[in-house]
Structures are given as structure tokens and as C-alpha cells.
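K.L.:
With chain A held as given, fit chain B onto it using these hints.
Quick note, the sequences are listed as chains A and B, same order.
Residues in the first sequence are numbered from 1 upward in steps of one, following our numbering.
Residues in the second sequence are numbered from 1 upward in steps of one, following our numbering.
Calculated lysine-lysine pairs in the BS3-like style (CA-CA distance at most 27 Å, straight line):
1) Lys206(B) - Lys153(A)
2) Lys139(B) - Lys153(B)
3) Lys153(B) - Lys206(A)
4) Lys206(A) - Lys219(A)
5) Lys71(B) - Lys153(B)
6) Lys138(B) - Lys71(B)
Okay, the calculated bits of chain B under chain A, using three or more residues with CB under 8 Å as the criterion:
7) 57–69
8) 87–95
9) 103–114
10) 121–130
11) 145–152
12) 202–209
The hints are simulated quantities; they were obtained by calculation from the structure and are not laboratory data.
Values in this document were obtained by computation on a predicted structure and should not be read as measured data.
We put the CB at the ideal spot given by N, CA and C, even for glycine.
There are 2 protein chains.
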Amino acid sequence: MVVTESVDCSLEGAVSSLRSGGFVLLHDATSRENEIDMVVAAEFTSPEHVRMMRAEAGGLLCVALSNEVGKKFGLVRMHDIFLSAARQYPILRSLNEEETPYGGRPAFSITVNHRRTFTGVTDLDRSLTISELAHLAKKAIENGQDSTGEFAKNFKAPGHVHLLLESEGSLEKRRGHTELSVHLCELAGLTPVVALCEMLDGNSHKALSIDSARTFARKNAIPIIEADQVISDFFKDSTFYAPQSVSPWNHGLS
Amino acid sequence: MVVTESVDCSLEGAVSSLRSGGFVLLHDATSRENEIDMVVAAEFTSPEHVRMMRAEAGGLLCVALSNEVGKKFGLVRMHDIFLSAARQYPILRSLNEEETPYGGRPAFSITVNHRRTFTGVTDLDRSLTISELAHLAKKAIENGQDSTGEFAKNFKAPGHVHLLLESEGSLEKRRGHTELSVHLCELAGLTPVVALCEMLDGNSHKALSIDSARTFARKNAIPIIEADQVISDFFKDSTFYAPQSVSPWNHGLS
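Chain A on its own, in the form it takes in the complex:
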């Protein structure tokens, strides 16, 4: 567990921050991407959240959706879209990444804009796209029906917000920020749609180090947590998982 001076960095502290529309900083694992993402529930994402993520984190602004929501929206991984279109455009098969250097396939699906956006890229436009994704996901979960038609009525592609799909089986199969942040949202009892952005370091030009992220977290009163805190909770009723003995490299395949 990460300890900061005044912020509750327990799993409960992180869940509580998400519930109140706040950020959580989420570190995956030193043996995986070794990256810290800024995470906020999509249903609470405001233009100011988008500004914070693009200006303070600096990575790609993505939205992770639970496997269930992805299915209700009829979403497909970019990997599978490439394979399908490769019959016509063979280069797509050769470009497709089967295995990332940190384990598993990328979680990328398509990029979208809400249909009420203009260019799609401003803080106002991206926060509209993100919050409307959560809004529609909530409706889809509640009515339990296929929402493919509703999704296409509300969103267009390609756009400026990257969608990431949680793996089938979630943290049993893959331990990326996608699965971790979706599980955090579920723990918080929120719609399992979450905005996230990698924290980058303008000095080293690498990913932000865990120490620098802790300093940022303290300064901004944001909880910072480790993947193992989320993973332990995911497997708390299971005999399958022993956090210390499982290498994240063996769980990358989605």
C-alpha cells in the first residue's frame, strides 16, 4: 500500500474518491507497463477533468468499458476489425500487434465522438463524449437489452476518444489499467465506464516515476494505489489467485 501524508490510499479511499467524482492514480506493476494512469469515473467527467488529464497526465485520453457494456454497444477490438478488413487490405494483418512488449494484445477498440460535438477534441467535446458513454451504458445495463442501435445513434467514428475493452474474464485474463479501473468503478457501485490517461514525465521523457506520481498525488490530494490492491479484492472470494506468485506477464493474453 502506498502511504501519503493526508490522502487515504487504501482501496476504500480510492473507491470513495471515484464516488465523489474525484481522480485516482493507478499504478499497474513494475513488471508490466510500470505506468501510472489518472482515472476518473466517466459519469462524472467534466471539461476540467479532461483538461487535468491532457495537461497534467499527458498520455492518450481513453475510456475503458466493461466487457458487458462493450457487448451491449456492439463494440469490437481494433485487432478484430483489422483482421476482418485484411481480406480487402492485407497490410492490416501484418501490422496487427499480437503481443505487446508488456504482455497481451492492446485493449483498443475504435475512437468515437458524441454526435453533438463539433471537432470532438476540445475539453467540452471530449467530456461530453465521455459522460454520454457512461449515460448510455447505464441505460443499457438497466434495460438489459442490446444497445447497438442507440450507440450508433449517439456516437460517430472515427473520433477523438479512444475506447478500451475490458477482457472477457477481466483480471483473471489481463491485468492492464483497463481491467483494473473498470473493477474499481464496479467496486464503487458506479457505471463501469471510466476515463483514464497515462502520466508522462516531461523531464525524462519517459513514463512518470512512481515517486514523482506520489508527489503529484500529495500535492493534489488524490489517492494513489497499486494494482495488487485491486487484484487482491477481485480474487478475495477465490482460491485461484495468489498475488505474490503470479507474474502479470502470464496474464496478458486477452
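P.N.:
Coordinates of chain B only, in the frame set by chain A:
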């Protein structure tokens, strides 16, 4: 023409900045996206350029490629990939954007990472991807051959750098930042592959205004130019173009 105190904001000034590895700020048109992009030639893009674009501009970090280079790499618009894969995944047809609110289809092709990157998102990784795109484009133009195989050997997808394809016919057909910045690179005698990022405003949460962009340009000694300066040059030997009489809305379809 935009006048600043100490920076040469003529077309020649912009070309000269690009040639020396500097930025240019490029405004499309108040009647189009009304957006200013930070632009730098891909062959000179360093980790510090990437940091500047993500931290100071804040939009989506993209690379525009000339139509010729796109063809040599075997690249396809995302729009066409969606149409192709829609036989298997019908939702992609409904999501596809036929006409953006500012005219024409999006210029988006696929997203890529260079194969030597790790996560693909850091300043180091994205600048490697961007500069290697220019490097391979230069080789492809010089040897005049199809470079699809070379492209797939060096890049993987999906990744963290968005590729944009210049329209066939360039500024005759579409007057987006893609066509404008590729033409600027060509004017500079550089490889027609260019990194660009939309400038956003964290106060209004909209696109950065032209006045704020001018202040930023002065402070950072970066030339800022208008689309018409580039368009006039493109049509200088042609009887086709009369800048004052052509609405950019009529030239959006790619």
C-alpha cells in the same frame, strides 16, 4: 497576414522555421474548424517537441502524410477500413462519419507505434514513431517503390500516434490542417510527413482563440500563419482558385 513583434509570420518565415526543426502555428479558417494546430516536420520531431505538443497544445498528436507517401505505405482511411469490416461488424457502417460538422470526412487512417517502442505513449516512444515515419517515407520516395512490406516491418497497429492522410488532389479537394501542413512541408523541401496537434484552451475549454495563440506564438518565437497564405501559394500557378470567393465548406469532401 498575421503580424507579431519579432517573428516572421510570412509564408517564407513559416517555411524557414520548419526547415530548422521549429514549430509553426497554423490556423485553418474561422468558417471551418477555426482551430490552430502546432506543426513540426516529422523528420525533426524530438521528445521535447512531443512534450511541447501534448503539454502546450493539448489535442490529439497526429502525423499527416502526403497522399503519395500514404499510398506507398499501403495506408487506408479508417472510414474505408470500417466499410470493409462492416460486412462482419455491421455497426461500423452506422458509426462511420460521412460528413463532419466542419465539412468533409475525417482524415484519420490507423494509429501506429514503431516496433522499437515499449508502451508507445511516452515522449521518447512517440518521437521515435514520428521521426521513423519520416525516415521511411524519405526512403520510399527516393526509391520510388511500394513500401508496404517495409512499413509493416517497422510499425505495428493499433498504437499511440494517429495517422492522417492527405486527400487526393490536396487543397483542391480539402482544406484541413492535414493538407495545409503537408503542403508547407513540401514547400520547405522536406519529407511530406508532419506532426501536428490542436491547441486547446484550459480556461474556456474550447479551441484556443486566435488572439491567445498569437500571444503564445510571440512568447515562444513561433511563426503563426493563416490557411489562406498556404492556399494562395498552392494555387499560385492556377486559374482555379480565387481565395475570396471559395467557401471552405465547399471543399471539405475528400
